[in-house]
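Q: Chain by chain, the residues:
There are 2 protein chains.
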Amino acid sequence: MELSERKQKILAAIVETYIRTGEPVGSKSLMDVLPMKVSSATIRNEMAELVSLGLLEQPHTSAGRVPSHAGYRYYIDHLMGTRELDAESRRKIEAAIGSTGDPEELLSKAGEALADLTNCAAVSTTPTGESAKIRRIEVVPVGSRTAMLVLLTSGGLLKSRICRADTVITVPLLERFYNVTSTQLVGRPLSDVHTTAMQTLAASLGADAFSLLPFLAGVAELARDAAQTDIRLDGQTNLLGYRELEENAYELMEFLRNGEPLNALISNNKDDVQVLIGKENKYRQLERSSLILARYSVGGEESGTLGVIGPTRLDYAKLIPSVRYLTDLVGRLLTRSVRDEE
Amino acid sequence: MELSERKQKILAAIVETYIRTGEPVGSKSLMDVLPMKVSSATIRNEMAELVSLGLLEQPHTSAGRVPSHAGYRYYIDHLMGTRELDAESRRKIEAAIGSTGDPEELLSKAGEALADLTNCAAVSTTPTGESAKIRRIEVVPVGSRTAMLVLLTSGGLLKSRICRADTVITVPLLERFYNVTSTQLVGRPLSDVHTTAMQTLAASLGADAFSLLPFLAGVAELARDAAQTDIRLDGQTNLLGYRELEENAYELMEFLRNGEPLNALISNNKDDVQVLIGKENKYRQLERSSLILARYSVGGEESGTLGVIGPTRLDYAKLIPSVRYLTDLVGRLLTRSVRDEE
DNA sequence: AGTTAGCACTCTTTTTACCCGAGTGCTAAC
DNA sequence: GTTAGCACTCGGGTAAAAAGAGTGCTAACT
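Line by line, the protein sequences give chains A and B. In this text, residue positions in the first sequence follow numbering that gives the first Met the number 0: the first is 0, and each later residue adds one. In this text, residue positions in the second sequence follow numbering that gives the first Met the number 0: the first is 0, and each later residue adds one.
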């Protein structure tokens, strides 16, 4: 769609002031904002055309204009300067993330930082473990019948859980367990290590089958945990501050808390950075919200997603670079820590 | 304070219907609820006296009555039957909690269950580790320069973290570490193992000091983590459903998210079950809310707190037993798992 | 032909006025 | 001590009126 330069300037000005104020913007107030000097009547004419092009909407006849979804789209794709993220914000992000070797902790910090920085809700998913393999399994006895299982994946993910055995744990039993796991499980992809596979494995162990089964089952659960990308949500409360979301606040919160549909949205995201504006997503509860989602990659492989959720009138020009910067950073850090552990 | 039997019945009826409806209750509607048959005029007289006693309030001259804080207090202390928790709810709680050996997981499940059951926000704190000792320290190398540290406390708490060393990790180094930790650290109270102590310890290790310091520092951090009671909050969104809290929803959420002041309230709680009604606590943000807090004990020792936060018109008669039941259950389960691990 | 001033018109928001009803407090009778 | 009766109060709801913001259109201007 070709737009005259003046129309572009007007559209941009409307989007930006609407983002700032949240109120429909009228022709008069635009005069002060626009770089050129034209009368309000001229602006009105232009605005009328922008409406018929579908880029603006009016809530009602005698109100100012509000960007339509298409209007935001156009703004994002053509008008918005791709500002670099300012040093200030970058510093904040880096300070907030700190340095950890633990991917889950890293992601959780990244989520919090993002929510803080953007004053929106932040979603984050842990790196997918789909292609990951088991790198190591450890048992740490913590009682006569309980032990902690530790699973380390090739992706650097570490999972542990406490496991209660039916029999007293003896040294030979542990040795047998190490034996079995290191020959049969280490190096196998996570998806191979499911509960039924463990049952057959246990069955082949003869006398120890009964004693070892709880541990093997525990390993299966850890593998499942590790393979599953879990989805975090931070800063939901930030959303309560936006007037336009207030009305459906409860519904929105519940929707986000559920996680299922969010997951669907996220796994749909094939682009580098994806922006979903208002009704562009299929969920009624999100029709007043926008999402900015970006993938991060670990070791050159697309791996997880970070993003923000806020009202439709997000400050895209600032947030898109923020999200992009953060995903880059997270990707780099995770890649480094995986390399380091190999 | 002595109240005639009729006044007691009237107060109880007002509290109960107000809890149910959330609307000020008038003399006429009380006639239907009260067990005895008296005219509305009589009830009005009694209500007027209850107002001057400070047990009821009226929002404005021509409205019904609403219980004051003192009214709730009186109701809770004298009028409310201590119903046993019904089997249904007990079953739900037990099912939701399941069985884990991990205290943190247990608490988190308990919190969720409580929030679900009561339709309020639930707070929970992990068992205090103040008097706990280090029972075991393990290192699991996960890369050439990284390892996972595992700390087990006498309270059954398990903490782990990834730790990056400055030098390549060698077997002799690990042996040295085991040696040092098992002789110097295991058995010591958590509070002894702080960062500066670790620095002095490292300094005494001669050549290995430099290589082992990161691990010892890691142990110190784990000890700090384990000693610190962290505070969880579940089901905040439930609070959005209450009309009377809607107005300050954002403020309330932020207040709860912060955690600091909640912590203060909780650690103030010396009673078995403590009920804080509206302004009885000093925080402005909670003046429209009530808290029910109860301690659980592990191995006969007061240890942590569970509780709910909701609007002032909580169904105390149901919730107090719920919270009490849950704390008992959590206490029992934790005690059992600690015993088991010894 | 594009731009602008002017103005009538539209639609929302705010204000004002009003009535209604729920509920009270009081008085006087039971 | 209890109850019926009644005047009174005050918030909530509704309708009408006024205010305001902004538009769309026309006619004049450059």
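Source of the hints: derived by calculation from the structure; they are not laboratory data. Some hints here could point you the wrong way.
Since the list gives no way to pick one copy over another, a pair counts as held whenever it fits inside one copy or between any two copies.
As the list claims (entries may be wrong) - Mimicking DSSO-like on lysine-lysine, the simulated pairs with C-alpha atoms at most 27 angstroms apart in a straight line are:
{"hint": "1", "residue 1": "Lys132", "residue 2": "Lys317"}
{"hint": "2", "residue 1": "Lys158", "residue 2": "Lys108"}
{"hint": "3", "residue 1": "Lys27", "residue 2": "Lys132"}
{"hint": "4", "residue 1": "Lys6", "residue 2": "Lys269"}
{"hint": "5", "residue 1": "Lys158", "residue 2": "Lys6"}
{"hint": "6", "residue 1": "Lys91", "residue 2": "Lys8"}
{"hint": "7", "residue 1": "Lys132", "residue 2": "Lys91"}
{"hint": "8", "residue 1": "Lys8", "residue 2": "Lys317"}
{"hint": "9", "residue 1": "Lys27", "residue 2": "Lys269"}
{"hint": "10", "residue 1": "Lys132", "residue 2": "Lys158"}
{"hint": "11", "residue 1": "Lys36", "residue 2": "Lys8"}
{"hint": "12", "residue 1": "Lys281", "residue 2": "Lys91"}
{"hint": "13", "residue 1": "Lys281", "residue 2": "Lys36"}
{"hint": "14", "residue 1": "Lys36", "residue 2": "Lys108"}
Q: All the hints need checking, so say for each whether the structure fits it.
A: A quick look at each hint next to the structure:
| no. | hint | in the structure |
| --- | --- | --- |
| 1 | Lys132 / Lys317 | neither (38 angstroms within a copy, 49 angstroms between copies) |
| 2 | Lys158 / Lys108 | both (18 angstroms within a copy, 18 angstroms between copies) |
| 3 | Lys27 / Lys132 | neither (63 angstroms within a copy, 71 angstroms between copies) |
| 4 | Lys6 / Lys269 | neither (32 angstroms within a copy, 68 angstroms between copies) |
| 5 | Lys158 / Lys6 | neither (55 angstroms within a copy, 60 angstroms between copies) |
| 6 | Lys91 / Lys8 | neither (32 angstroms within a copy, 60 angstroms between copies) |
| 7 | Lys132 / Lys91 | neither (35 angstroms within a copy, 37 angstroms between copies) |
| 8 | Lys8 / Lys317 | within (18 angstroms within a copy, 62 angstroms between copies) |
| 9 | Lys27 / Lys269 | neither (42 angstroms within a copy, 63 angstroms between copies) |
| 10 | Lys132 / Lys158 | both (13 angstroms within a copy, 24 angstroms between copies) |
| 11 | Lys36 / Lys8 | within (12 angstroms within a copy, 76 angstroms between copies) |
| 12 | Lys281 / Lys91 | neither (34 angstroms within a copy, 34 angstroms between copies) |
| 13 | Lys281 / Lys36 | neither (41 angstroms within a copy, 56 angstroms between copies) |
| 14 | Lys36 / Lys108 | neither (47 angstroms within a copy, 63 angstroms between copies) |
Taken one by one, the earlier hints fail for this structure at numbers 1, 3, 4, 5, 6, 7, 9, 12, 13, 14, listed in ascending order.
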